[in-house]
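*Asks:* Residue numbers (our numbering), protein chains in the order written: chain A, 2 to 261; chain B, 2 to 261; chain C, 2 to 261; chain D, 2 to 261; chain E, 2 to 261; chain F, 2 to 261.
It is worth saying that the hints were derived from the structure and are not from the lab. It cannot be assumed that every hint is accurate.
Remember, identical chains collapse to one label, so a pair may be satisfied in a single copy or spanning two.
Heads up, simulated DSBU-like pairs for lysine-lysine below, C-alpha to C-alpha not over 30 Å straight-line [to be verified]:
#1 205 x 249
#2 205 x 22
#3 157 x 176
#4 249 x 76
#5 41 x 176
#6 76 x 238
#7 157 x 76
#8 11 x 157
#9 157 x 259
#10 238 x 172
#11 41 x 205
#12 249 x 41
#13 238 x 41
#14 22 x 172
#15 249 x 176
#16 172 x 41
#17 176 x 76
#18 22 x 76
#19 11 x 259
#20 157 x 41
Keep in mind it's a predicted model, so treat the numbers as computed, not measured.
For reference, the chains in residue letters:
Protein chains: 6
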Amino acid sequence: MMTTVADILKCVESIAPPYMKESWDNVGLLCGSRNTPVTKVLVALDPFEQVCREAADWGAELIVTHHPLIFQAPKSITDDTSVGRGIMLLCRHGISAINAHTNLDCTPGGVNDVLAVTLGLEHVQMTRPQGDPAYGLLRCGEVAEQSLECFLTTVKETLGCPGLRYVDGGKPVRKVAVGGGSCAGGMLEAMDAGCDTFVTADVKYNQFWDAQDLGINLIDAGHFYTENPTMPVLAAKLQAAFPGLEVKISENHRDCMKFY
Amino acid sequence: MMTTVADILKCVESIAPPYMKESWDNVGLLCGSRNTPVTKVLVALDPFEQVCREAADWGAELIVTHHPLIFQAPKSITDDTSVGRGIMLLCRHGISAINAHTNLDCTPGGVNDVLAVTLGLEHVQMTRPQGDPAYGLLRCGEVAEQSLECFLTTVKETLGCPGLRYVDGGKPVRKVAVGGGSCAGGMLEAMDAGCDTFVTADVKYNQFWDAQDLGINLIDAGHFYTENPTMPVLAAKLQAAFPGLEVKISENHRDCMKFY
Amino acid sequence: MMTTVADILKCVESIAPPYMKESWDNVGLLCGSRNTPVTKVLVALDPFEQVCREAADWGAELIVTHHPLIFQAPKSITDDTSVGRGIMLLCRHGISAINAHTNLDCTPGGVNDVLAVTLGLEHVQMTRPQGDPAYGLLRCGEVAEQSLECFLTTVKETLGCPGLRYVDGGKPVRKVAVGGGSCAGGMLEAMDAGCDTFVTADVKYNQFWDAQDLGINLIDAGHFYTENPTMPVLAAKLQAAFPGLEVKISENHRDCMKFY
Amino acid sequence: MMTTVADILKCVESIAPPYMKESWDNVGLLCGSRNTPVTKVLVALDPFEQVCREAADWGAELIVTHHPLIFQAPKSITDDTSVGRGIMLLCRHGISAINAHTNLDCTPGGVNDVLAVTLGLEHVQMTRPQGDPAYGLLRCGEVAEQSLECFLTTVKETLGCPGLRYVDGGKPVRKVAVGGGSCAGGMLEAMDAGCDTFVTADVKYNQFWDAQDLGINLIDAGHFYTENPTMPVLAAKLQAAFPGLEVKISENHRDCMKFY
Amino acid sequence: MMTTVADILKCVESIAPPYMKESWDNVGLLCGSRNTPVTKVLVALDPFEQVCREAADWGAELIVTHHPLIFQAPKSITDDTSVGRGIMLLCRHGISAINAHTNLDCTPGGVNDVLAVTLGLEHVQMTRPQGDPAYGLLRCGEVAEQSLECFLTTVKETLGCPGLRYVDGGKPVRKVAVGGGSCAGGMLEAMDAGCDTFVTADVKYNQFWDAQDLGINLIDAGHFYTENPTMPVLAAKLQAAFPGLEVKISENHRDCMKFY
Amino acid sequence: MMTTVADILKCVESIAPPYMKESWDNVGLLCGSRNTPVTKVLVALDPFEQVCREAADWGAELIVTHHPLIFQAPKSITDDTSVGRGIMLLCRHGISAINAHTNLDCTPGGVNDVLAVTLGLEHVQMTRPQGDPAYGLLRCGEVAEQSLECFLTTVKETLGCPGLRYVDGGKPVRKVAVGGGSCAGGMLEAMDAGCDTFVTADVKYNQFWDAQDLGINLIDAGHFYTENPTMPVLAAKLQAAFPGLEVKISENHRDCMKFY
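Modelling step: build the complete structure from the supplied sequences, incorporating the hints.
*Replies:* Written as structure tokens, this is what we have:
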């Protein structure tokens, strides 16, 4: 019996239940048809145009991504916009699109647990768990006490970042909070959890200064690099659930941003 | 040199300029690509699924409709909704979708002028012109004085309605306002223009009573039947502008609503 | 001891408790005085001007209606508006006005139960009950399986409609949802309840198409004809509760809308 | 030929044009019928229940007041509220109600000009004129330089106040701003106009302190006492315009508030 | 060990817990530093500029007031405004500012209990208690039945008012509601509690008329005079809690408003 | 005659008129007193706590900054927040604070003109001028055609950035738009002006991808490094206007953010 988009959606939603998402978010089946039989699944952080094209070239019937294909609901679907081009490309090739965004950030074993583990944190916990079973956005964990510089090396190497931006909060690194993507707004939550260090991305000028002011080490390791480590984990879970499928991580999607 | 979607959009916008639309409306190129070469254009009142399919079966690269393909901006494009099915079908076959809605209602020679002419009104005028050149929603015109029953026969026959719903305002018919589709909210405007009779559609209970209260004959001739006469006019204008194209009115789109 | 407006209000509120109303609705004593002694009560679907006049001519001290005398709160009470004329007429003759609107729709034994019974439905249930005791807007029930045409005949005859507007959803009639007045927005609720057919009123163009799209038979039997059957039931309940009163249904209030 | 409510409304609107009113205000014909013939007009500051009763007892067909009969648009007209009782009483006796409120405050020769003149101000001007011809809320004018105590005596005597509440701003009285009713919010406007003293009503605790802080003498002479002097002026204008009418100022309406 | 601002804040919050405040209110530490050692505390109804100066001149490190130093959050702190001048003066002298406003009104033993006791009410109760332990805004209590004039004398003498404004509701005084400051909006609550008389402040024209209409004696005894009696009580509680501090009530803060 | 804060404010407002600011911005005298005599002025990008302390230590009576001391209007001024600590420190030492923010960005010769000149752009223009004399946010100008890498070197060296983040839009650098601080939202405006390259700061993940999608080189050179070059220019203008003053740029304010 054929695996369908609906079957894989059900699996994705068991990994990252929709009720765990933020109220403003858009997750689930954002393009295509539940009944489409699936033989190949392309997994990628973003559903950008070149990812859609890679899926089409490979002959995939489904893409599974972290970021949503549609964020601002569009008044038209045309090739004037990159979102329109992506949707048209998917529809033309009969490819469906599923995503798990903030629900994947929050779920146990999701984006922030993977990030914590990748960075070698121990005794990892949610900083602010809710619900039963518990879920939540940020994770915190411990490392052997070390200098900030030493920890910066670890972050850069384990995540493969081309560069880091940071503020030195004036403390050695002992307890670290992590929030993949744009989580700098959780800085006080990280401090309340007793952390001396916070790894996130998309940090703005005033947020770096807030960190300086609060005395917390704040590291911007890049949106892509803090979230992409979850893609292999997600792909592996899908492959395990559907051994008959071909599940592949996008080969050409990497961060467009570079350091100089 | 090929005719493109952009060429036809330009023509549609010269017939029904976008600035004449209501602020809440959605018009123009709602799906597809400006650069697509066009050989066949299907014209229809609505971009419903079966119209999209007819376009695909016929090999059209473009549909031109009155009602918009997208009204509420969608958070997903899936076959769970009829709008999603329509968009997916169009994209799969590389068909673009253009529409002119309230701008076509308001433009000189548009929906309401066609309706007025179809009903045999003379000395047709806008009830509330604005701009220069003038445009506006409702039209009014004169008929030879006649009983309401006599005029009802004319309406039913000229528009081909299966039935009419009406209120007898207690006056003979001499000056008639028309507003194709859901225009009953313009009743006072029709009265202010000196009309004794108003032809529109989608009239609600309290609006029939308002007409009775105000002493105006109010006739609901059906949304489809008051707007569809404009489709051949629109098709003819496109054909005249692009003699090399095949322009056809949808053969299978008719009103789903029946009288008993 | 005299029966007062307050006594009858209490009875109406026991039949249709105010907490069952929609949040936007206006019900209860909308004009007059709780202490007025009552000998004659006129019952009608609407508190329109001619109903107020009928009450005055007959010498009633109270009208009890379904629709509210005041819907949009008025900034003035003048004879420039029909609402103002009605209020002035009532006040001039010392007549009070009570109504039960969406609470009467929702209450057990109210508008939609009466409509279901009138149409001969069996095993009548609320589609979406709430509260304890349960109340809710729509009702559904079963009929012997029959063609849509056959059921249309039943609707037209039992409700006395001058005509019906409908969409053929392509299914025989077996399970029917009913919602008197403007309830087409409940179409999905009717489908969720397993109904193949939905009887309501004030249906708009796009709602007929939604029904076609969803494959449900949708019948617009008229706002007046779907709600007016409840008036004799309401009058009888009031008469039973106050045997000493004269309770009468309006003799001249009928639908102003006609079919052609 | 009979004078009608419409004739008198037109006259009131020539005295106090509706476009001079504040956006939140409600003025004009708030109850009754434009076509009612009028022989007796009762003029009063407020359309309170006892004023309506006085009008009915006297046989007036019209009341003309400063404050509006309806301010918050009512969802019902019953004797549970004083507004409802007033409207019911007027309707029962076929009495119409006209008012001019903030338009009468602002118009040349209106409430604040009368107040300025009553207090003996000279070289009276609008503090912030707008439009052409000019209108505006506050008036300012000059008095012979005097002590605040001396001016307080003048205010109390000329307006007939039972008492005054005031703050001594520490300056002699030379230039005075006036705003009948609740105009303390115009304090800075009065200062900008170079005034050392401001006469208004309904002054609150923090506003007295603001005056102290700004060094302006602030006198609360009572809402009734600052506005009621305009009633004889208004009555005289109506009488002059309609010599055949009986125009009378309410005999029993006086302020309910007393000093101890 | 030194007493700090934080210690005194904790005490104030035990007297008037912050959760008892209205949602729009601003209470607690509004200026200064929790760690500042305190030896002198100035208590006053308002944190006006001259109170801040008195604190500075006396050498206080803290003022405790009823009204908040900051109500509308300021976009700048300059000497163009009295709030700015107050804040600058406090900061310059290192003085902190604590306040308890509507929480002090509502708490057992707070503003309204002190007012009730001062007026000699017996069997004092909250009119609308909430929470556990109970708190609430208004208080009501009984007096020996007496004429309104007699009670007016009591109010004026016990509160030391320069004058009263009132409406005679036409009833002898037996059960009295009190609400210090601007509480006239609670008039119906006072009536529901069975009160014939209501003592409050900042009463407006229409509220006096409402009282007349409802038949309740309404007395405006002044914002300052109804709330200031609580200041000695608050000062005594602070002194009792911190025997080593010098606690003093402001010597120069009195009402700026006078009667004439 | 002494120079006062008011004199310097007037000068700052002639350099950067307040009407040029964004509607949400807060500029001008945000702390202190217009009448304070000034002998020393400290100029800095930000009014952070250590800058306030530097001013106090140096004996300045005024700080002039780009970013506002108060952005979110505060409900309290305490040392719990860095804004509160800054205000308290300024007030304690009698130091006033003036700022020019988006008005300094937009004014001719302001932040973005300085940035353009610093980067060596020629034929510098506003991308979207408004008003007369013209002002506007972004600037664009030309450079000798060069590779992106070559231009990156120029940016890094002339601004003294510790690092850059960028997207390669696939074009050589010929026409460059600049917007100091968080101006990535102006990307389309930069493209409309014909620019191939855009230098700004605080760029987020999706904005880098938008740039890639649009084919524009986008360079994040840091909020501090793109705005701070204007501080010497501003200081020089103040010094020129007030030769008798000591005007100094903060010696210890530098960006807290570092690259790794």
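*Asks:* Against which earlier hints does the structure fall short, listed by number upward?
*Replies:* 5, 7, 8, 10, 11, 14, 15, 16, 17, 19, 20
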